[in-house]
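Engineer: Here is what each chain is made of, one letter per residue.
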Amino acid sequence: MAATTDATIQAMLDRAAGEGIDLAWDRYQKQLPQCGFGELGLCCRHCLQGPCRIDPFGQGPALGVCGADRDTMAARGLGRAVAAGTAAHGGHAKHMAHTLLAAAQGKAPDYPIRDEAKLRRVAARLGIATEGREAAAVAAEVARAALAEFSEKETPLAWAAGTVTPGRVATFARHGVVPCGIDSTVSEMMHRTTYGVDADPVNLLLGAVKCALADYAACHLATDLADILFGTPSPVATRANLGVLKASAVNIALHGHNPLLSDLVAQVAGDPALVAQAQAAGAADGINVVGICCTGNEIMVRHGIPLATSSVSQETALVTGAVDALVVDYQCVMPSLASVADCFHTRVITTMPMAKLPRALHLELTEGEARATAFRIVGEAIAAFRQRNPARVQIPDGSVAAVAGFSAEAIVGALALLDQDDPLKPLVDNIAAGNIYGVCLFAGCNTVKVPQDANYTRMIEILAGHNVLILATGCASGAFARHGFMSPAATDRYAGDGLKAVLTAVGQAAGLGGPLPLVLHMGSCVDNSRAADVAVAVANRLGVDLDRLPLVASAPEPVTEKAVAIGTWAMAAGIPTHLGVAPPVLGSPAVTRVLTATVKDLFGGWLLVEPDPEKAAQALLAVLAERRQGLGLSA
Amino acid sequence: MEQIVVDPDRCTGCRSCELGCAVRHSKAKTLLGAISESPLPRKRLFVETFGGRTGPVICRHCADAPCVKSCISGCLYHDERGFVRRRKERCIGCWSCVAACPFGVITPDPVLGLAVKCDRCHKSAMPACVEACPTGALTLADLDAVAAAARRQVLAAEAGQKKGA
Ligand code: SF4
Ligand code: SF4
Ligand code: SF4
Ligand code: SF4
Chain E
0 MAATTDATIQ AMLDRAAGEG IDLAWDRYQK QLPQCGFGEL GLCCRHCLQG PCRIDPFGQG
60 PALGVCGADR DTMAARGLGR AVAAGTAAHG GHAKHMAHTL LAAAQGKAPD YPIRDEAKLR
120 RVAARLGIAT EGREAAAVAA EVARAALAEF SEKETPLAWA AGTVTPGRVA TFARHGVVPC
180 GIDSTVSEMM HRTTYGVDAD PVNLLLGAVK CALADYAACH LATDLADILF GTPSPVATRA
240 NLGVLKASAV NIALHGHNPL LSDLVAQVAG DPALVAQAQA AGAADGINVV GICCTGNEIM
300 VRHGIPLATS SVSQETALVT GAVDALVVDY QCVMPSLASV ADCFHTRVIT TMPMAKLPRA
360 LHLELTEGEA RATAFRIVGE AIAAFRQRNP ARVQIPDGSV AAVAGFSAEA IVGALALLDQ
420 DDPLKPLVDN IAAGNIYGVC LFAGCNTVKV PQDANYTRMI EILAGHNVLI LATGCASGAF
480 ARHGFMSPAA TDRYAGDGLK AVLTAVGQAA GLGGPLPLVL HMGSCVDNSR AADVAVAVAN
540 RLGVDLDRLP LVASAPEPVT EKAVAIGTWA MAAGIPTHLG VAPPVLGSPA VTRVLTATVK
600 DLFGGWLLVE PDPEKAAQAL LAVLAERRQG LGLSA
Chain G
0 MEQIVVDPDR CTGCRSCELG CAVRHSKAKT LLGAISESPL PRKRLFVETF GGRTGPVICR
60 HCADAPCVKS CISGCLYHDE RGFVRRRKER CIGCWSCVAA CPFGVITPDP VLGLAVKCDR
120 CHKSAMPACV EACPTGALTL ADLDAVAAAA RRQVLAAEAG QKKGA
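Line order of the protein sequences matches chains E and G.
Quick note: the first sequence, position 549, residue 548 per numbering that gives the first Met the number 0, numbers continuous.
Quick note: the second sequence, position 121, residue 120 per numbering that gives the first Met the number 0, numbers continuous.
Chain G extracted, bound-state conformation:
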């Protein structure tokens, strides 16, 4: 299964991912067109900085999703690919999901009165944020491969320690 993987060490804080996300969720689908739309399109991921660390914070599309559980109207659901999505017409603007998400990546749209969240760009092969990121801080990767790479890192780190010792 492919997931958006974040490597905060590579993030320069340029916010291109935020722009890309907003443009993908515009009518025009172009930057120049999107900036003059009304209402303006909204981004679904957030570049934050804290304690000297900068990186994008993005929906994890949790398997056991607190937002889905908190949603009493049946708006939020898991689609067939496991992406946590909205049935827009069912959102009643109670903002329970906003409070429930441990990552803080659902935001209320004050104009439309809807909860706004990452839809994993389900209509396209490549999420807009990943496409926009110039440094590789956001990548689309196979989760098993990510785990395998992490396991090899463990070995590499141990080998390094032995050498150092």
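The following block holds chain E by itself, in its conformation from the complex:
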């Protein structure tokens, strides 16, 4: 099996192999064969009487020591994965809320309110008075409302209940899955999955849905506050793949998920004094900031910072020998980075107190001194550049153009150019007419278990060819950007006639002189909330609930527990959601049946597990056909 389909990454894999540098794919080979019990979700370590395993072939034990059966184990495992994903998005969101509060109180001068209009819109949605009030006062109240979301409230999470359709709120209430606190829901899931608590698989799965809805709230909160602090993305032209590194510049790669530090590094990297310092060190082209993973997405959609690479291939950026500083915050940061960096001059810098790497330099981000920290980081990168061995630099050629930055606001704004009074009308009309057959949101990661990007690129060819409008977030957008799908040229090449006409009409109206890109890059993985916003707006405009829209989601190469949480809330939002790698639950026929079938009757969405990209695309088209028929549209 090929490791990757990105030629720039393949070049680095070849180099690493030649130099004996082990990367994720090599470590995966050494892990094989992986444990079948774990793969099936049939092992449990939730108490010290374990680990317990259940024999999927029925000759060995059918129950754990406590009596937990295969269904209980698989459901508990999934619940804990959702809880971990929610904890991660919640932690990210909470950092944003603390910073917004500090900013509002004048304690974080490096974080001015950059998008006051969004602040006021979010406040209005929360029922916070905005008329005639100072931005700081409104921001403080929004930040307090945000922080209140984490512990247990007496009311539903405002960032969940206040951002979905009325129909969804009623559905969630009917099934008892309305979350009232982000952290408290995570905590409840840990409680109900510990020794001797919840053993009913269906009840556990409903608990997982509730927890996933808290994840949705956390994602939405993180997106909103990031926009308030750093600006709401609008379309920006940039480039992608490892070719964006420059031999003639100090290269700083920003990796992880949270924009709190990366945005500041992006802001200060153009500082004339720093640029002069870089040039004095011999970097003719000054400072080149590039992104990796979702931190990369955050600064790509806001500042047009080029994206070097994504998730599974993060180590290959270092194998170029051209990265002077790799700055990380948290999530999806491989512990191996420090040892790969040892083969080069690269300085790995950690910035979050709760996320350190052995042997990395730790420069802690504090609200009060964020800009100063960003300056120090750039200084470290310049110092590292002086130690760079030019003979060790191998940057693959051929970066590709990408247009990113399609927030919900940007999409509605572009549509408003066609119809000022009713911006969603062109979208709705084109869906009705079949020019847009449906919408597919691609999300998630890259994994060693799939040749990198192969599922994304095959599926988009089929779906876009059938006039499906493509949205993307997270490392899904990384995959499309690196392969050139995020460009107007890709629209000309791959879009069906109807879709091409729509993207061209909007692109022309927006003054782009050509079509919109084939993929609308909405941002990082927390920014899946942006796609939800567009879907909710369309559903409300049509007067139907989300579970009737011709809308599907796909995570064809998923890895993280965060992806499990997102997939679970997408399913609960009524969105049929494809997974290209199965979560570890297939050892339980009951849990598998609930997630792939029964849940459809409860929430309207379900999980569709299909490793083959052709079959997955066809299955999603069939779902879209069914949804279109349900709305009385041509299939």
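Because the hints were derived from the structure by calculation, they are not lab data.
Being a predicted model, the structure only gives us computed values, none of them experimental.
All C-beta atoms, glycine included, are put in the ideal place defined by N, C-alpha and C.
Check each hint, because a few of them may be wrong.
What the hints assert, rightly or not - Straight-line alpha carbon distances no greater than 20 Å define the calculated SDA-like cross-link-like pairs of lysine to any residue that follow:
no., chain 1, residue 1, chain 2, residue 2
1, E, K448, G, G32
2, G, K28, E, E609
3, E, K29, G, L139
What the hints assert, rightly or not - If you want the footprint, here are the derived chain E segments under chain G, 3+ residues with CB under 8 Å:
no., region
4, 416-424
5, 577-590
6, 616-625
Start from chain E and add chain G with the ligands according to the hints.
Structural biologist: Structure of chain G with the ligands alone, referenced to chain E:
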């Protein structure tokens, strides 16, 4: 001659070998496919634990095999490579072999009414159990080499004793 060699000191009791064996003897040949077959495929080796020791117990493909001798229907036989195998259609379910095997590694399949035993994965170069074992507790090794290694161990142990004395 190659044999499956067991080193119980390396066995963590993970039972991956059992899963691998069952999957190899399924129709689908994949874990996900195998677990939904009917009848379910059966494993042919057994991870046991006793007296603080854990390890896989597996058919030795005995040269003078008690199971073959006990088999009155001519079902069990030595194939051309010396593997003790079944002619399935001849098994009458008398379970004499189950009782005869000193290692307890023939089990009755209650669904099909057949004696089930290790076939040394004779169709593949590498037995599934060996392939599945992550720790090297199961390996495929040349018997002469195993014996030679054991002889060297004897010398090493004696040398160690002399040093210690
Ligand atoms: S909780 Fe039950 S199944 Fe899990 S390890 Fe403990 S006894 Fe075993
Ligand atoms: S089944 Fe038992 S008796 Fe027969 S060959 Fe194997 S170990 Fe020997
Ligand atoms: S050699 Fe094959 S049949 Fe025998 S125990 Fe191993 S896996 Fe099973
Ligand atoms: S796979 Fe190896 S380590 Fe695991 S139980 Fe079997 S023999 Fe022991």
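Engineer: Hint compliance check: list the failing hint numbers for this structure, sorted ascending.
Structural biologist: 4 and 6
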